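Generate coordinates for the entire structure from the input sequences, incorporating the hints supplied.
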Amino acid sequence: MPVRIQTKDFDAGAEIAALRRDNPKIGAVASFIGVCRDANDGDAVTKMTLEHYPGMTEKALEKIVAEAKARWDVMEALVVHRVGELKPTDQIVLVIVAGAHRGEAFAACEFIMDYLKTRAPFWKKEETARGTRWVEARTSDDEAAQRWEPPKSSAA
Amino acid sequence: MKVKILYLASLREQLGKPGEDLEIPPATSTVAGLRTLLMARGGAWQTVLAQGKALRVAVNQEMAQPTTPVKPGDEIAFFPPVTGG
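Residue numbers (the numbering used here), protein chains in the order written: chain A, 1 to 156; chain B, 1 to 85.
FYI, nobody ran anything at the bench for these hints, they're computed from the structure. Check the hints yourself; a few may be wrong.
Below, simulated BS3-like cross-link-like pairs (lysine-lysine); rule was C-alpha separation at most 25 Å, straight line [to be verified]:
| hint | chain 1 | residue 1 | chain 2 | residue 2 |
| --- | --- | --- | --- | --- |
| 1 | A | K63 | B | K71 |
| 2 | A | K59 | B | K4 |
| 3 | A | K125 | B | K17 |
| 4 | A | K125 | B | K53 |
None of the values given here were measured: they were computed from a predicted structure.
Printed below as a string of structure tokens:
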């Protein structure tokens, strides 16, 4: 399974080792880890709760991984995303992509994260000194995802 | 026709319920039509689902557009823009 949603922490080293085990064709492994910060929008954050839409989340992530594999020449990809209560310094998300060469692995890894940020149904609620609030979506995340869209045809 | 509706994250809190099974008129055949039907309840329904509010809709767990058809037995989820990762 290239996609896992879980409350427990993950071990990136162990996941990478498992992903490339006994595969001598892999020459590059790119990975990303998203981590819970202690501040957001000018306020100290003491705790975060991640909610998702069970069923759709898995489907959306599997579709993103399948699209990455179709667009770049990579062999393996894994997404692990945590839900539930998290605190600053906790790991949130892990993306690993393995292929023959680094260029394709880097690009596919970044694509998966950019699409996850805008298309996978997760929501963060954070606790600050001023109370509990839902994190607002950022337009910069939409712009990051749009970089990967094929150019629109200008033909009439 | 009968549909299953879900309200997720901040929408669940603002509307005061996680979802509902709803009998809707056959004329309510799109996502936009269902949104209008729910807004007609007034109060929080009208303000939370108002046009112009950043809102996402999924039909049967696939991202949908206002024109996406709504059919009997569909699962329709309303939620705010996503913030994972």
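Verification of the hints:
1. K63(A) x K71(B): At roughly 23 Å apart (the allowed maximum being 25 Å), K71(B) and K63(A) satisfy the hint.
2. K59(A) x K4(B): This hinted pair holds, its Cα atoms lying about 19 Å apart.
3. K125(A) x K17(B): Holds. K125(A) to K17(B) sits at ~18 Å (cutoff 25 Å).
4. K125(A) x K53(B): At roughly 19 Å apart (the allowed maximum being 25 Å), K53(B) and K125(A) satisfy the hint.
When each numbered hint is compared with the structure, no violation occurs for any of them.
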